[in-house]
Amino acid sequence: MAELQFREAIREAIDEEMAREEKVFIMGEEVAEYNGAYKATEGLLDKYGYKRVIDTPISELGFAGIGVGAAMNGLRPIVEFMTFNFAVLAADQIINHASKAGYMTGGQISMPIVFRGPNASAGQLGATHSVAYDSMYAHFPGLKVIYTSEPDDAKGLLKSAIRDDNPVLFMESEQMYGMKGEVSEEEDYIIPIGKGKIKREGSDVTVVAHGKMYHVAKQAAAQLEKDGVDVEIIDPRTVKPLDLPLIVESIKKTNRCVVVDEAHPFAGFAAEIGFLIQREAFDYLDAPVQRVTLPDVNAPFAKNLFDAWLPDAKQVIDAVNQVTYRN
Amino acid sequence: MAKKKKDDINFAPRGIGDEKDGAVQKGVDLPNPTKKKHKSLGLSEDDLKAMYEQMYLQRRFEERAMQQYQKGKFGGFLHLYIGQEAISTGTVFALNDDDDIITAYRDHGWGLCRGITANEGMAELFGKKTGCSKGKGGSMHFAKTENHFWGGYGIVGGHIPIGGGLAFANKYNQNGRISATFFGDGAVDQGALHETFNIANLWKLPAIFAVENNGYSMGTAARRHTVTEIVDRAKAYGMKSKVVNGMDVFSVYEAMKEVSKEVRESSEPYFLEIRTYRYRGHSMSDPQKYRTKEELETYQKNDPIERLKSYLLDEKILKEDEIQEIEEKVEQEVLDAVEFADNSDFPDEEALYDDMFTEDEPYFHN
Ligand SMILES: Cc1ncc(C[n+]2csc(CCOP(=O)(O)OP(=O)(O)O)c2C)c(N)n1
Ligand SMILES: [Mg+2]
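Protein chains in written order, with the numbering used here: chain C, 374 to 700; chain P, 3 to 368.
There could be a bad hint or two in this list.
What the hints assert, rightly or not - These stretches of chain P come out as covered by chain C in the derived footprint (C-beta under 8 Å, 3 or more residues): (1) 90-99; (2) 255-262.
As the list claims (entries may be wrong) - Partial chain C-side listing against chain P, Cβ under 10 Å, derived: (3) M374; (4) E403; (5) D419; (6) Y423; (7) K424; (8) T501; (9) E598; (10) V602; (11) F655; (12) N671; (13) D685; (14) A686; (15) Q688.
Said to hold, decoys possible - Each pair of labels, with its calculated beta carbon distance range: (16) G479(C) with P289(P): 20 to 30 Å; (17) A392(C) with K291(P): 48 to 58 Å; (18) H367(P) with D656(C): 45 to 55 Å; (19) T478(C) with F366(P): 36 to 46 Å; (20) G479(C) with D350(P): 33 to 43 Å; (21) A595(C) with M286(P): 26 to 36 Å; (22) A392(C) with L337(P): 48 to 58 Å; (23) S312(P) with D388(C): 30 to 40 Å.
Read the hints as simulated data drawn from the structure, not as lab findings. Because the structure is a prediction, the values reported are computed rather than measured. Just so you know, even glycine gets a beta-carbon here, dropped at the ideal spot from N, CA and C.
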């Protein structure tokens, strides 16, 4: 194992895949000469040159679509968005084209493309820069959606995403790029898309949390441990395809579940997991599934309001207390 | 087409500078400033004093804001307008007070010029309830709609169609007002601009669209992100256009006076490329490796505030000590604003749910 920052794990994955396959290239705003707005692509221009590491204008719709066309025509683009909050402008290409072209041409087209970048909020950046988009994209057939929480997952899953012959959305977080973690040094380290991971074993309650929220869940679990509550944390890592069996198995053991999600509540990841659990594990539940999400409100700027807005460990603890009838 | 050697292929233009040996690179080519003096522009001596005070306020407000940011008094982005003050000032003095202005996230100067007080502005940066947007928006979302300043917006290019919409409503209501939409050179590459330009001229919207070309879009020089001269975008849409020296407040004022008159009378859109320069980094964490110190210094020699100051002195409109008096007054205003912001309260917790819908008790999903 090597200790790497999240951004270094991302960079290694891209680097290894670019070295392995000439058809892989990366483009996005400030990815080349600036070395990446968040330094995730640092050094790649020097190594691979201007042909394969490409700065784009601020034209998200345009360059995402150019990625789609290039993928159709045999290349394997990695399209970086400065954040998924700006990918909204490219949504037509992702939703109407990347996810559908293969299907509507009767399988004549393949779409090996990765759209990646930070997702959700990153401190006080205001309403337009703070939305979690993983659930939204997961709504659409034809897309795979990954939102990782730790450097090791990021590396193994990004490599899988780049090798996948389908459109994959790979999500990170501005606030996690500097975070360090042990990363496997196994040669060609691959984590299959669609496999979740039990990140903390426990027997009292299952907490499902991914992306930045995994760390919130972890904090809550440490606190709850002191109170004698043994939390099992499952990080699905991939939102879609979802590793439902892993979650269900855990609930069969703990009989209780809290889902922590950084999206708004309506029709989000937490809502979906809640439905699936009642369908697949109804008889095992000792309490209704609870969720911790953002409120149904835009991101405020003011520090105190922002802190109240973003899910925190306290809310997770409250939800755990609720499903364990400890309050 | 001859096949290039593999290694020769590159897509995006590369490198800093204009690739001429040894020459100081240029962010933008500034056109000559107007030769007219204030009287022939229709500006009184009092106007000039007010302009000076306003530009100096914008500068000092941001310099103090930067200090407060570095002290950790507030978070988020902080995009400084320093170097570009002649554009907001020249424009606001030229337009009618009820003409509608909208801009991007580099919006502090615009807000101050359109009547957001230093107190309201600084408090917004601090995220306090006394801020112009009640602390909900922060640096990127200054707004004062009662003064027809519709705000700063953070999605590059997102507000360009909205500026067209402001003009649409003005034409619809036949109220004689026009709109003026400002954005950066980076925004020129967004589809939103092109769709809006086409509709604006098709429907004859009384709108000024103005790019504040400061040479860079984050770390990317204009020539690396966009083709042709930016001003030529107008040609494709049959729009009138002009290049303006944005480091000279008289030039901006003159252009805006003429253009606003024409737009108001003809109800046709107009595109301005106002060339300027951003002195500071893009936001607060920008190593600025994409430009040289020499380049920055070349533009600082053209500083819009210094320029107006020299004019005021040369024309004997103000004496040194009178200028100093203005500056001290502004300095105090800004220091007071910092204190005001610091002492103001954060919004109440319940305010989180305010301003989402117009009803008193709106539905929130849970
Ligand atoms: C749609 C979108 N893409 C990317 C960004 C990130 N971003 C913010 S400002 C900026 C550069 C814009 O430069 P320019 O338009 O020249 O304005 P300036 O900062 O020079 O005032 C970028 C890439 C964004 N806010 N919105
Ligand atoms: Mg610019």
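Hints, verified against the model:
1. 90-99: violated (count 0)
2. 255-262: violated (count 0)
3. M374: violated, 30 Å
4. E403: holds, 5 Å
5. D419: violated, 12 Å
6. Y423: holds, 3 Å
7. K424: holds, 4 Å
8. T501: holds, 5 Å
9. E598: violated, 29 Å
10. V602: This interface hint is violated because 25 Å lies over the 10 Å limit.
11. F655: violated, 23 Å
12. N671: Where the cut-off is 10 Å and the nearest Cβ of chain P is about 7 Å from N671(C), the hint holds.
13. D685: Not OK, violated: D685(C) not within 10 Å of chain P, min 14 Å.
14. A686: violated, 18 Å
15. Q688: violated, 13 Å
16. G479(C) with P289(P): 20 to 30 Å: Violated: the Cβ-Cβ distance is about 50 Å, outside 20 to 30 Å.
17. A392(C) with K291(P): 48 to 58 Å: violated, 26 Å
18. H367(P) with D656(C): 45 to 55 Å: Roughly 29 Å apart at Cβ, these two residues miss the hinted range, so it is violated.
19. T478(C) with F366(P): 36 to 46 Å: About 43 Å separates the Cβ atoms of T478(C) and F366(P), which means 36 to 46 Å holds.
20. G479(C) with D350(P): 33 to 43 Å: violated, 58 Å
21. A595(C) with M286(P): 26 to 36 Å: At roughly 33 Å between Cβ atoms, M286(P) and A595(C) fall inside 26 to 36 Å, so the hint holds.
22. A392(C) with L337(P): 48 to 58 Å: holds, 56 Å
23. S312(P) with D388(C): 30 to 40 Å: violated, 54 Å
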